[in-house]
Amino acid sequence: MMVLITYDVSTEGNNPQKRLRQIANACLDCGVRVQYSVFECEVTPDRWVQLQAQLFDIYDSSVDSLRFYKLGKNWRDRVEHHGAKPALDIYQDTLIL
Amino acid sequence: MKKLQNSLFITRQKSYVHKQRETIVVEQESEKILQIPIHAIKSIFCFGNVIVSPFLLGFCAENGVGLAFFTEYGRFLARIQGPQSGNVLLRRIQYEKTKSAPLDVARAIIAAKIVSSRSVLQRHIRNYGSQDDVVKVIGRLKHNLEQARVDPSLDRLRGTEGVAAANYFSVFQHLVRVENDAGFAFNGRNKRPPTDPINAMLSFLYSVLGNDISAALQGVGLDPQVGFLHTDRSGRDSLAMDLLEELRAWWVDRLVLTQVNRREIKARDFSQAVSGAVTMSESARKALLKAYQEKKHEEVEHPYTKEKLPIGLIPHMQAMLLASHLRGDLECYPPFVYR
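Residue numbers (the working numbering), protein chains in the order written: chain A, 1 to 97; chain B, 1 to 339.
So here's chain B without its partners, still in its complex pose (with noise of 0.2 Å):
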């Protein structure tokens, strides 16, 4: 199995990324601050104001690392990617599956965010003792799952997913345990942009998951941007998006949800705009960088080929699954489900 290597952010601004030999130097006003050798990183992130040299462009691109940048507040703005990898036939079966039968994979997906966010609801529950509301919805995901395994159309199946959201979300509130939670009121998902601070942690960390799991499937020679569930649109990466779905609740919201009632992350981390916006200090994005990078060291056994790994390599194990379906060694894509 694949050696899990590290990811660096980039959060100061005006520190200054490039390549010193086979380090990648960090400075910052001239001075260093972090000197590493590439081949223990898979991807850097860049958030805001950071300047990257021409050079560690090009030698990025040829080591197979992957370099993102964000906004300051963590929307993705772009992606450098070098050489396509791997076969390009696995990329046209992928192009002719997604057009002609692209719902089994779906279907797939879809089941195993509900089981997921299902599972979430239910730790909950184990937890903290039953919430009728809870409950109810526990039961309503589990008719929409149902519904998921026998919806006759993309479409239908589109719709389903949308309802299983709303209802998963619409109690999801119930899970932030923080007394004098006013600071931490949700009222459903919102983005573009986000209005509350825990939709502000969602999408901040959906985006970075988002961008990981890009560069997996770009690592097994998938390409990201042609999905099953999404459909195409100019510079989103659909299958990530797709893989998302499968790794929302189980990774990303348990996290923001450990943060928040860890008091890790406090209301006072989150200033609004007059627009709405709600915006993350720097310290609250460092908390919930840090939290994400720490998970994926936690090793879990995989739901499907019973091997230890740790979570951090999930998006890449998902990714080479998908390839060996869609190259036919696999019957039916195995998405990740975890109890």
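Pulled out of the complex, with its shape left as it was, chain A reads as follows (with noise of 0.2 Å):
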């Protein structure tokens, strides 16, 4: 299941850097960056299970917020990108270096 993942982490609370930091990270293991704060992760269910329990023990509730947006299996005829950037689709671009 592919899920879009957006967030808000507040420049308040306990070490905002660290927050910002941790939580793109936790969903780098599992997908791509799209655009800052944007990342696309194409998951299985246990593996979203495991990054949803992640990101809630890092994000500060009271002031910070995360959006899940579920796109299912077909997403990619859900998407369309323009412009700079293209985001890489991990399953099916060729990766040749």
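Derived from the structure by calculation, the hints contain no laboratory data.
Just so you know, not all the hints are guaranteed correct.
[Stated by the list, open to error] Rough simulated footprint, nothing fancy, chain B against chain A, three-plus residues with beta-carbon under 8 Å:
{"hint": "1", "stretch": "16-29"}
{"hint": "2", "stretch": "82-93"}
[What the hints assert, rightly or not] List of simulated lysine-lysine pairs, DSSO-like, C-alpha gap at most 27 Å:
{"hint": "3", "chain 1": "B", "residue 1": "Lys295", "chain 2": "A", "residue 2": "Lys85"}
{"hint": "4", "chain 1": "A", "residue 1": "Lys85", "chain 2": "B", "residue 2": "Lys286"}
{"hint": "5", "chain 1": "B", "residue 1": "Lys306", "chain 2": "A", "residue 2": "Lys73"}
{"hint": "6", "chain 1": "B", "residue 1": "Lys306", "chain 2": "B", "residue 2": "Lys296"}
{"hint": "7", "chain 1": "B", "residue 1": "Lys32", "chain 2": "A", "residue 2": "Lys18"}
{"hint": "8", "chain 1": "B", "residue 1": "Lys142", "chain 2": "A", "residue 2": "Lys85"}
{"hint": "9", "chain 1": "B", "residue 1": "Lys3", "chain 2": "A", "residue 2": "Lys70"}
For every residue, glycine included, the Cβ atom is placed at its ideal position computed from N, Cα and C.
Using the hints, put the two standalone chains together into the complex.
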């Protein structure tokens, strides 16, 4: 399943830089950064539960916000990209460096 | 059914690949060029001077990701392998059957190979009209196929296979449809080293596909080194080479022909050393790998299970079918024959 994860991390609270970095790292473990604070993660249901739990641990619910958009299996039909830096499709793009 | 995971090919020289948390990171001259979560990757192919960190080696082994090293020109060097997966009983049966009764599986594989070589030629005739030489060989292959079905021993079967392969490659040149094809002259199969561009491309892709098959066999718990048709040889993945036989013509040969005939790859992409060995340019190698990877996403109906699956999963499917046959769930091994 493809999940689009976006977040806002406040500059307030305890060590905001650290929360920001940790959230980005947790998302990178499952997917790719498509824009600042926007990640596309293609995950299995069990991996998804794990990722959610990680994110809930890191963020500060009184000042930060997380949004999950579940795009399902046929997400390729639902996403368009225009302009610079097209995102990598980690399962289907040919990875030849 | 399993999800088709991606393969990562690293052909840039002096790149450094390492682990960062749960991702694979590729760097060149300290600049990050790719970061990708490991769960999307099934195998990593390193060509030439690629440095892999020890942590990534362990991480790949833990996650069942195949990591293989090739020379810059695609000759296989080494593969790392994690703890052997699967059931030891299955491997015992494999050792036992490859020794005591290898003929049936070997026969199925050779029959499939001949049928698919023959369909490559038939397809050519359908598309571009009849050519006497090719028609003649199609007839001969039919005869070889009948022969393979009744060969009483493994040695006779290997003989028939050799004859069939020689027949097939004797007209392979006709399938190259590039005008002024001097650069793509093909006079039969040669290897170690290949001495013409077509052979260089075939060898290169056979080697890549062979490695994909090894990984698939490993994945279902079979031992890639002990084969039915190919005898044990130190360092050789004989069982992978067995399964490669059924897929060569249909997958690799057709792909190479398409690339040449569509002029995606040109004769000037190759250079010849004094020794006669032909090597591919980096751009040709990339073009070939790209075509190979893209083909993996095409879906076909599996001739036996009637299930639609991406071509990239066929090695996995064949490995599973072979395992079911060895366990006794399937009376015969159904090779991959696509018409």
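Quick rundown of the hints versus the structure:
{"no.": "1", "hint": "16-29", "in the structure": "holds (count 3)"}
{"no.": "2", "hint": "82-93", "in the structure": "holds (count 5)"}
{"no.": "3", "hint": "B:Lys295 with A:Lys85", "in the structure": "25 Å, holds"}
{"no.": "4", "hint": "A:Lys85 with B:Lys286", "in the structure": "22 Å, holds"}
{"no.": "5", "hint": "B:Lys306 with A:Lys73", "in the structure": "22 Å, holds"}
{"no.": "6", "hint": "B:Lys306 with B:Lys296", "in the structure": "18 Å, holds"}
{"no.": "7", "hint": "B:Lys32 with A:Lys18", "in the structure": "22 Å, holds"}
{"no.": "8", "hint": "B:Lys142 with A:Lys85", "in the structure": "53 Å, violated"}
{"no.": "9", "hint": "B:Lys3 with A:Lys70", "in the structure": "19 Å, holds"}
When held up to the earlier numbered hints, the structure conflicts with hint 8 and nothing else.
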